[in-house]
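Residue numbers (numbering that gives the first Met the number 0), protein chains in the order written: chain A, 0 to 196; chain B, 0 to 322.
These are calculated hints, taken from the structure and not from any lab test. Virtual Cβ for every residue (Gly too), placed ideally from N, Cα, C. Hints may be right or wrong, so weigh each one.
To be verified - Residues from chain A shown here face chain B by an in silico Cβ test under 10 Å; the list is partial:
#1 10
#2 21
#3 23
#4 33
#5 36
#6 57
#7 106
#8 146
#9 148
#10 156
#11 163
As the list claims (entries may be wrong) - Simulated crosslink set (BS3-like; lysine-lysine; CA at most 27 Å straight-line):
#12 163/B - 155/A
#13 163/B - 37/B
#14 207/B - 145/B
#15 207/B - 165/B
#16 166/B - 155/A
#17 155/A - 37/B
#18 163/B - 207/B
#19 166/B - 207/B
#20 57/A - 145/B
#21 165/B - 57/A
#22 165/B - 155/A
#23 155/A - 207/B
#24 151/A - 145/B
#25 207/B - 151/A
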Amino acid sequence: MEIDFQERARWLARHILPFEPMLRSRLRRMFVHGMEVDDIVQEMYARIVSQPSLETIKYPRQYAIQTATAIIIDHMRRSRVISIHTAGDLDQLEISAPDATPEQQLEFRDEIAEVARSLALLPERTRDVLILRRVEGLSQQETASRLGISIKTVEKHMAQGVAALMALFGRGGKSSPHPSTPKRADDHEYKILPSGD
Amino acid sequence: MNTRFSPPEIDRTAAEWAARRCSGLTSQDQSALDRWLKADPRHVGAYAKAEAVLAQLDRVGAAAPDALRMTVFSPPNGSVLRRRTMLVGSVAAGLAVTAGGAVWLTRLLGQESYSTRVGETREIVLSDGSMVTLNTDSRIVVHYGKARREIQLLQGEGLFDVAKNKKRPFVVMAGDTQVRAVGTSFTVKLLPEQPVQVLVREGVVEIKRPQVPQAPPVRLVANTLALAPPQAPISTEAVPRIQVTRDLAWREGRIAFDNETLANAAREFGRYSDIQVRVPPELENQTITGLFVSNDPVGFARAAAISLNLHVEVANREVRLTR
């Protein structure tokens, strides 16, 4: 199937990208043998973007969680590994995710703040390129002459900027202390039990 | 050997493709991109996310262009101060310097320095696109020259995700130990009274100790841990991938132990909080396995007490485990 990435990216940006930090923080609570959170997230994007139609997905966040769960289960089946700390955990992953709430307006303000915060963390030149290209709508050539750099350098900064934002958005990368989250005692345990011989 | 690319490497390639797509793809480029996407479903996911990042910039940029333009002039509290113009009498600069107490900039020396408080982690994007993630109570000085990218780790621990540049090696200096990389991902740890530790997550790094004649340079491949004890050769050991992941749990505000002694676990917790976990000598060698919240030593002590059948006493600034 040919995927129209740009068209689908708009849907992902609206529904999945802002939810990724929360999804990651849930996935992090479990150690899946042979699978990093990064692997799960990449595969989740792959599965969602390959859906025949995104418009039919009514609750994108629930859908993201279900997709991640399916990926973990598939992996466990394939590698014949029973993993993670408690069996109850996969269910815990599924505990309701806030979808389409009245606070959406407020949420969008958070998204603006998050994008601004991440941009501010980028190297100066890279940030200039992203803003001139995407916010001011300058062409590659115009951006190059405005900044007095080559077109190739513009593209290089673009790639660096996108890579850095991919990391920063995903993390919700706050440079603040981690919130202290008291847990039930069994939340502190994880077990890795290879199955079979 | 498993030569598949790691998620961060795939993300970087996806970002390059997205940037090229913005410049306009020739039909040749397009088929190269299609081939890359077909090679691995994770490539599809990473590329979808790269395009989503651009779409998010457009979306937020269309709704609130000024909020994004502002980032050029006023980095938020505690963010990186790199714009020189800001230092020339700008009010925003003054505010950011005082507000972002954790970050300061010794501009005259052409150096930037970054630090974290106890219990804090932070990510720093350097001018070449390399990323540093600092663990608790850590400090680095960045010195980027034309021929070399140099980082001095003064204390603590950092994860270095290095942007590839063969002409400009990336060197982390920790005590008497130099860790050199071209494009890779590794951590360096410098803690009091412990040998310098280097853990390689991707790629190859080279460790040198010019002032220690009995320690010849060593090359490390991915999933290798090296220890550089004072006045002794560098020792290396292969570690399973899952342990590498576990050792990086601090990025997510967690600590993972696999059969770790209580003494070591308590010492590890001491890095992340002002509250110390005390373990009596007769319990020091009991072992514990689990994933814990790094700034919650009390939670750790309670979990340890449950699994080892011990008691917990919480006192002023310390938690004691007793029988």
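Going down the list of hints, with the structure as the test:
1. Given the 10 Å rule on beta carbons, the hint for residue 10/A holds: about 8 Å separates it from the nearest Cβ of chain B.
2. Evaluation of the residue 21/A hint against chain B yields a violated restraint, the C-beta minimum of about 13 Å exceeding 10 Å.
3. Here the hint on residue 23/A is kept, as its CB sits about 8 Å from the closest CB of chain B, short of 10 Å.
4. At its closest, the beta carbon of residue 33/A sits 7 Å from a beta carbon of chain B; the interface hint therefore holds under the 10 Å criterion.
5. Checking residue 36/A against chain B by beta carbon gives a least distance of about 8 Å; that is within 10 Å, so the hint holds.
6. Given the 10 Å rule on beta carbons, the hint for residue 57/A is violated: about 19 Å separates it from the nearest Cβ of chain B.
7. Hint on residue 106/A is violated. Least Cβ distance to chain B is approximately 12 Å, over the 10 Å limit.
8. Annotation: residue 146/A was flagged as interfacial toward chain B, and the flag is violated, the nearest CB pair being 12 Å apart, outside 10 Å.
9. About 14 Å separates the beta-carbon of residue 148/A from the nearest beta-carbon of chain B, more than 10 Å, and the hint is not met.
10. At about 8 Å, the closest approach between the beta carbon of residue 156/A and any beta carbon in chain B falls short of 10 Å, and the interface hint on this residue holds.
11. Look at residue 163/A: its Cβ gets to within about 5 Å of chain B, closer than 10 Å, so that hint holds up.
12. Among the hinted pairs, residue 163/B with residue 155/A is consistent with the structure: their alpha-carbon atoms are about 12 Å apart, no more than 27 Å.
13. At most 27 Å may separate the alpha-carbon atoms for a hinted pair to count; residue 163/B and residue 37/B meet this at roughly 25 Å.
14. A distance of roughly 21 Å separates the Cα atoms of residue 207/B and residue 145/B; the hinted pair therefore holds under the 27 Å criterion.
15. For the suggested pair residue 207/B and residue 165/B, the alpha carbons sit about 18 Å apart, so the restraint of at most 27 Å is met.
16. Our distance criterion of 27 Å between C-alpha atoms is met by residue 166/B and residue 155/A, whose separation comes to about 16 Å.
17. Between residue 155/A and residue 37/B the alpha-carbon distance is near 24 Å, which keeps this suggested pair within the 27 Å criterion.
18. A threshold of 27 Å between alpha carbons decides the hint, and for residue 163/B with residue 207/B the separation of about 20 Å falls inside it, so the pair holds.
19. This hinted pair checks out: residue 166/B and residue 207/B have alpha carbons roughly 19 Å apart, not beyond 27 Å.
20. Between residue 57/A and residue 145/B the alpha-carbon distance is near 52 Å, which puts this suggested pair outside the 27 Å criterion.
21. Only pairs whose Cα atoms come within 27 Å are accepted, and residue 165/B paired with residue 57/A is rejected, the gap being roughly 48 Å.
22. For the proposed pair residue 165/B and residue 155/A, the alpha carbon gap of about 16 Å is at most 27 Å, so the pair holds.
23. Simply put, residue 155/A and residue 207/B have alpha-carbon atoms about 32 Å apart, too far for the 27 Å limit, and the pair is violated.
24. About 20 Å separates the Cα atoms of residue 151/A and residue 145/B, which keeps this hinted pair within 27 Å; it holds.
25. Only pairs whose Cα atoms come within 27 Å are accepted, and residue 207/B paired with residue 151/A is rejected, the gap being roughly 35 Å.
Hint compliance for this structure: hints 2, 6, 7, 8, 9, 20, 21, 23 and 25 are not met, and every other hint is.
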